[in-house]
Amino acid sequence: MNLLNRLLGSKPSSSRETAKQRLQFVLVHDRSDISPGLLETLKDEIINVISKYIEIDRGGVHVTFSQAERESRLVADIPLLNGRRRK
Amino acid sequence: MAARVITVTSGKGGVGKTTTTANIGVALALNGKRVVCLDADIGLRNLDVVLGLENRIVYDVVDVIEGRAKLRQALIKDKRLPDLQLLPASQKRDKSAVKPENLVQLCEEIGIDHDFILIDSAAGIEEGFRTALAPSNEVIIVTNPEVSAVRDADRVIGLVEAAGKGPAKLIVNRLKPELVQRGDMLDTGDVLEILAIDLLGIVPEDESILVSTNRGLPAALDEKSRAGQSFRNIARRLLGEDVPFESFREASGLLQRLARLFSPNGRSA
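Same order as they appear, the protein sequences are chains H and W. Reminder that position 25 of the first sequence reads as 25 in this note's numbering, one-by-one numbering, no gaps. Each number in this note's numbering corresponds to the 1-based position in the second sequence with 87 added.
Take these hints with a grain of salt, some might be off.
Stated by the list, open to error - Lysine to aspartate or glutamate pairs mimicking EDC-like chemistry, simulated, CA-CA at most 16 Å apart:
(1) H/K20 x W/D293
(2) H/K20 x W/D274
(3) H/K20 x W/E280
(4) H/K20 x W/E233
Since the hints were made in silico from the structure, they are not lab data.
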């Protein structure tokens, strides 16, 4: 957005952008048939399973979808604590 | 040669399926193609009034399927456009009166001496939609740049692909360029990015659509109608012409024109 537009009073966050983000979010769940609630459950179980073998930063785990064209991908980002194996 | 059978569908109701079907039909006929517009929205007949042919109906699609009328008795010829014909929906029956195989067979018969069959689908994703999809070899999805319409379009795109009828093509209908410029409406690019399918056309919001529907004269017949021009462009694209997509970015006020002048990419954001 250029300076003049800003001076003319264009809002910093448009409803167009909000609409786009909300749609992208809802469609990821529509397409995969996985609700936000199910994703949370999935995340908790992934944490539990991996914690049996490796020490992980439980608070730093992110389980999300990534989207490319019409394909969805489940992405788990799991930070390790020192990368140690559990004894 | 067999006709191209194109089903026009949307998921959500009220996005302009019937208007789109009628206007593409008119525009193809203006190009000398022999077109049948088939109203598959059984029980909610509407294509007849949009085309202005409502008072010429004697038989409908259910009469043909159930053998009470021959196909050529039921087809209504548009007097303005000799190449355009309508096969109306039944108003008194419901979706169950037409099975997918009935429509497949009917389209085979119509296809013998026509170039295009445009099927106006029922809204929704149930029986009526599946029946309208059965005979098609191409699918057009109509949506509006608005969250609920785009969400439903996405669902329908998935169903069309699952039925082996994809890839569908998209028409973004009722775009309001002023709202897009102001940042309050999804742009065509946003919709395409979200839905990830090919674009067939962009139709601006246009009062001439309401007026033309009031009169029963589709906007594609009106040289001055902006929406009509978009529908004529869509027909040319269907015929294989490379017609650039409209941008609708003309500056309306002094301020927008100024903004465009100062904008680095030569257009207002």
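Hint check:
The suggested pairing of H/K20 with W/D293 is violated, with an alpha-carbon distance near 24 Å, which exceeds 16 Å. Restraint check for H/K20 and W/D274: the C-alpha separation of about 10 Å stays at or below 16 Å, so the hint holds. With a CA separation close to 10 Å, the supplied pair H/K20 and W/E280 stays within the 16 Å bound. Proposed proximity of H/K20 and W/E233 is supported: the alpha carbons are some 9 Å apart, at most 16 Å.
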